[in-house]
Amino acid sequence: MRHVYGWLLLLPGFILIVAFTHYPTVTTFINSFFSNQTVLKPKRFIGLDNYEYMLHDPIFMQTLKNTLYFSLTTVPLSIMIALAMAIFVQEKIKARSIVRLAYFTPTILPMVAVANIWLFFYAPEIGLINQVLHYFGFNEYNFLGDRDLVLGSTIVMTVWKEAGFFMIFYLAALQGIPKELYEAAKIEGSSPWTTFTKVTFPLLMPTTFFVMINALINSFKMIDHLFILTKGGPDNASNLLLYYIYDVAFSFFDYSYAATLTMVLLTILIIISLIQFGLIEKKIHYK
Amino acid sequence: MKLLQKIATYLLALIWILPLFYTFWAAFHSEKYSANFDIFAPLSIQSFYDAWNQAPFLHYLINTFTLVTIILIGQMILCTLAAYAFAKFDFYGKSVAFFLVLMQLMIMPENLILENYKTISYLNLVDTTWGMAIPYIASAFGIFLLRQTFKTIPTELDEAAKMEGCSQLGILFRVYIPLSKSTYLAYALVSVSYHWNNFLWPLIIANSNNVKPLTVGLAIFAAPESGVQWSTISAATLISVAPLLLAFLIFQKQFVNSFLHTGIK
Chain A
1 MRHVYGWLLL
11 LPGFILIVAF
21 THYPTVTTFI
31 NSFFSNQTVL
41 KPKRFIGLDN
51 YEYMLHDPIF
61 MQTLKNTLYF
71 SLTTVPLSIM
81 IALAMAIFVQ
91 EKIKARSIVR
101 LAYFTPTILP
111 MVAVANIWLF
121 FYAPEIGLIN
131 QVLHYFGFNE
141 YNFLGDRDLV
151 LGSTIVMTVW
161 KEAGFFMIFY
171 LAALQGIPKE
181 LYEAAKIEGS
191 SPWTTFTKVT
201 FPLLMPTTFF
211 VMINALINSF
221 KMIDHLFILT
231 KGGPDNASNL
241 LLYYIYDVAF
251 SFFDYSYAAT
261 LTMVLLTILI
271 IISLIQFGLI
281 EKKIHYK
Chain B
1 MKLLQKIATY
11 LLALIWILPL
21 FYTFWAAFHS
31 EKYSANFDIF
41 APLSIQSFYD
51 AWNQAPFLHY
61 LINTFTLVTI
71 ILIGQMILCT
81 LAAYAFAKFD
91 FYGKSVAFFL
101 VLMQLMIMPE
111 NLILENYKTI
121 SYLNLVDTTW
131 GMAIPYIASA
141 FGIFLLRQTF
151 KTIPTELDEA
161 AKMEGCSQLG
171 ILFRVYIPLS
181 KSTYLAYALV
191 SVSYHWNNFL
201 WPLIIANSNN
211 VKPLTVGLAI
221 FAAPESGVQW
231 STISAATLIS
241 VAPLLLAFLI
251 FQKQFVNSFL
261 HTGIK
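The listed protein sequences correspond, in order, to chains A and B.
1 is the number of the first residue of the first sequence in full-length UniProt numbering; add one for each residue after it.
1 is the number of the first residue of the second sequence in full-length UniProt numbering; add one for each residue after it.
Honestly, the hints are just simulated from the structure, not real lab data.
Remember, it's a predicted structure, so these values are computed and weren't measured experimentally.
Any given hint might turn out to be false.
Said to hold, decoys possible - Facing chain A, according to a computed beta carbon distance under 7 angstroms, are these residues of chain B, among others:
hint	residue
1	T23
2	V101
3	L102
4	P109
5	L112
6	A138
7	T215
8	W230
9	T237
10	S240
11	P243
12	V256
13	F259
Unchecked claim - Chain B is faced by these chain A residues, among others (derived, beta-carbon under 7 angstroms):
hint	residue
14	R2
15	H3
16	G6
17	L16
18	F20
19	P24
20	A102
21	Y103
22	P110
23	V112
24	I168
25	I217
26	A249
27	S273
As the list claims (entries may be wrong) - Here are the computed distance ranges between Cβ atoms for each label pair:
hint	chain 1	residue 1	chain 2	residue 2	range
28	B	S208	A	Y51	19 to 29 angstroms
29	B	T69	A	D148	38 to 48 angstroms
30	B	V126	A	L149	54 to 64 angstroms
31	A	Q37	B	L125	15 to 25 angstroms
Glycine included, each C-beta is placed from N, C-alpha and C at the ideal position.
Work the whole structure out from these sequences, hints included.
Quick look at the structure:
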């Protein structure tokens, strides 16, 4: 009886999760082995052809590289700044609540709005950053139009948006560190830097790991800004995997290739999660 | 060291708030001052007037509000039931089911836009609010969070309620839900801010102004091709973020606490 009851309670949610997570994962996998279905041609099994095509697709290689670069820079940079922020607002300083509010506010804004704001900063000539550069006699840059600068520019903006969010996790973790440890360090005459590297940072390791994994998983779906800032350009220099999938599926209508690309994205996400469950979690436990 | 840290603290705060200040500046001044900072420049709300007239922002606002409400109510109901099942019942396949639910934490509906789009169009829900809402209604995150909270509620309360003649669902409503209010509040704030800001999925599903939420409306309005002026874009941006930003300023503490509360497992 309780078996039936348990399943009945679970069922509505479970059906939806299967319908929008597991079922599409399986169909994506299957479709990646088929050719595209058009009005004239029905889809047919083509084995690994899509995957082979993918490996020779320069745009895919570029977006994969960009995506890994984007994730592996924004996440550590945001985490470092977040940690600094948390330590700063732990101190007894003037206007502490205003400072904390300033750090946290970008978190609450939608990425689309953030990109709108930053579009103006990066604009050539009239853009704020260029005006400042110009004022100090430096050369002007076309941040979003230059292949070498565009990905970095979106990374800076993303770090600005994300850091405040990670800060609050560090704030909570810092409050959990026993005061006695700091007193002991003081008695030993340890410098602030030594106290940080020998006491604070190791104790924050579990928080860092938690934030890092979640931030990484999130970073693979961060593409809203591309719709406003660059559309992946110039020359795919700022294109990211999920945006490329969107383009292939909804602009080129190549569903089977989009499925193949999605499999790459899913594989990356699963690998990150496996790392979380398996390897590192065992090592970073201090309790 | 101390002084250096102080300088860094305030400098960082300044850098972090400056973009928002700029947006306010541009929105409340006419276009010729949007890149030209003159402290005595006359204030103007013309840009808000322009933005409001050039795109149906009231419509977008109502759409976002409807979307967020549907998702939130759906999540509350479905996640509560599922969490209750996981927390208090033993049933066949429970641990497998729990693992399958948790998989959604790593693979979110946004990662499967293509296949999910096919499902939504099969269900005839393209260009509807339901089409935007339905993949998010069963949230593994919500289920997990509520399950953790339900598990901390002592079973003695359960038994007492049973003695009083409460049914299983009665116990859920009279004991578990009231005792988990703070988790519900925290989850609600996180969910609302997430879906208020969500963009990609609504962009794919919504075609007409009747269902487009603020984020999608704003993105189209502010596209460079549309040739809209900076001050107007800034005003439109502020219109879009104002309700959430205002709520955030009022409930600052609750917001921060709920992000914390829901983030730390």
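Consistency of the hints with the structure:
With a least beta-carbon distance of about 5 angstroms to chain A, the hint placing T23(B) at the interface is held under the 7 angstroms criterion. A distance limit of 7 angstroms between C-beta atoms decides the matter here; for V101(B) the minimum to chain A is near 6 angstroms, and the interface restraint holds. Look at L102(B): its Cβ only gets to about 9 angstroms from chain A, farther than 7 angstroms, so that hint breaks. At a threshold of 7 angstroms, the smallest CB-CB gap from P109(B) to chain A is about 5 angstroms, leaving the interface hint in force.
Proximity of L112(B) to chain A holds as hinted, the smallest CB-CB distance being about 4 angstroms (cut-off 7 angstroms). A least Cβ separation of about 4 angstroms between A138(B) and chain A falls short of the 7 angstroms threshold, and the interface hint therefore holds. Hint on T215(B) holds. Least Cβ distance to chain A is approximately 5 angstroms, under the 7 angstroms limit. The interface hint given for W230(B) holds, since its Cβ lies 6 angstroms from the closest Cβ of chain A, which is under the 7 angstroms cut-off.
With 7 angstroms as the threshold, the beta carbon of T237(B) comes within range of chain A, its nearest partner Cβ sitting at about 5 angstroms, so the hint holds. With its C-beta approaching chain A no nearer than about 6 angstroms, S240(B) sits inside the 7 angstroms limit, and its interface hint holds. For P243(B), the shortest C-beta to C-beta distance to chain A is roughly 11 angstroms, which exceeds 7 angstroms, and the interface hint is violated. A cut of 7 angstroms between beta carbons decides the hint on V256(B): the least distance to chain A is about 6 angstroms, and the hint holds.
Below 7 angstroms, beta-carbon pairs count as interface contacts, and F259(B) has one with chain A at about 6 angstroms; its hint therefore holds. The beta carbon of R2(A) comes within 6 angstroms of a beta carbon in chain B, closer than 7 angstroms, and the hint placing it at the interface holds. At its closest, the beta carbon of H3(A) sits 4 angstroms from a beta carbon of chain B; the interface hint therefore holds under the 7 angstroms criterion. Here the hint on G6(A) is kept, as its CB sits about 3 angstroms from the closest CB of chain B, short of 7 angstroms.
Residue-level restraint check for L16(A) holds (minimum Cβ-Cβ distance to chain B is 4 angstroms; threshold 7 angstroms). Given the 7 angstroms rule on beta carbons, the hint for F20(A) holds: about 4 angstroms separates it from the nearest Cβ of chain B. Contact between P24(A) and chain B, as hinted, is supported at the beta carbon level, the nearest pair being about 3 angstroms apart and thus within 7 angstroms. At a threshold of 7 angstroms, the smallest CB-CB gap from A102(A) to chain B is about 4 angstroms, leaving the interface hint in force.
Of the supplied interface hints, the one on Y103(A) holds, with its beta-carbon coming within about 5 angstroms of a beta-carbon of chain B, less than 7 angstroms. Satisfaction of the interface hint for P110(A) is found here, the shortest Cβ-Cβ separation to chain B being roughly 4 angstroms, below the 7 angstroms cut-off. With 7 angstroms as the threshold, the beta carbon of V112(A) comes within range of chain B, its nearest partner Cβ sitting at about 5 angstroms, so the hint holds. Satisfaction of the interface hint for I168(A) is found here, the shortest Cβ-Cβ separation to chain B being roughly 5 angstroms, below the 7 angstroms cut-off.
Annotation: interface hint on I217(A) holds; nearest CB of chain B at approximately 6 angstroms, less than 7 angstroms. For A249(A), the suggested interface contact is upheld, since its CB lies about 4 angstroms from the closest CB of chain B, less than 7 angstroms. The interface hint given for S273(A) is met, as the beta carbon of that residue sits about 4 angstroms from the closest beta carbon of chain B, less than 7 angstroms. Checking the proposed 19 to 29 angstroms range against S208(B) and Y51(A) shows it is violated: the Cβ atoms sit about 38 angstroms from each other.
Distance hint for T69(B) and D148(A): a CB-CB separation of about 45 angstroms, consistent with the stated range 38 to 48 angstroms. Between V126(B) and L149(A) the Cβ separation comes to about 38 angstroms, which falls outside the hinted range of 54 to 64 angstroms. Restraint check, Q37(A) to L125(B): a C-beta distance of roughly 21 angstroms satisfies the suggested window 15 to 25 angstroms.
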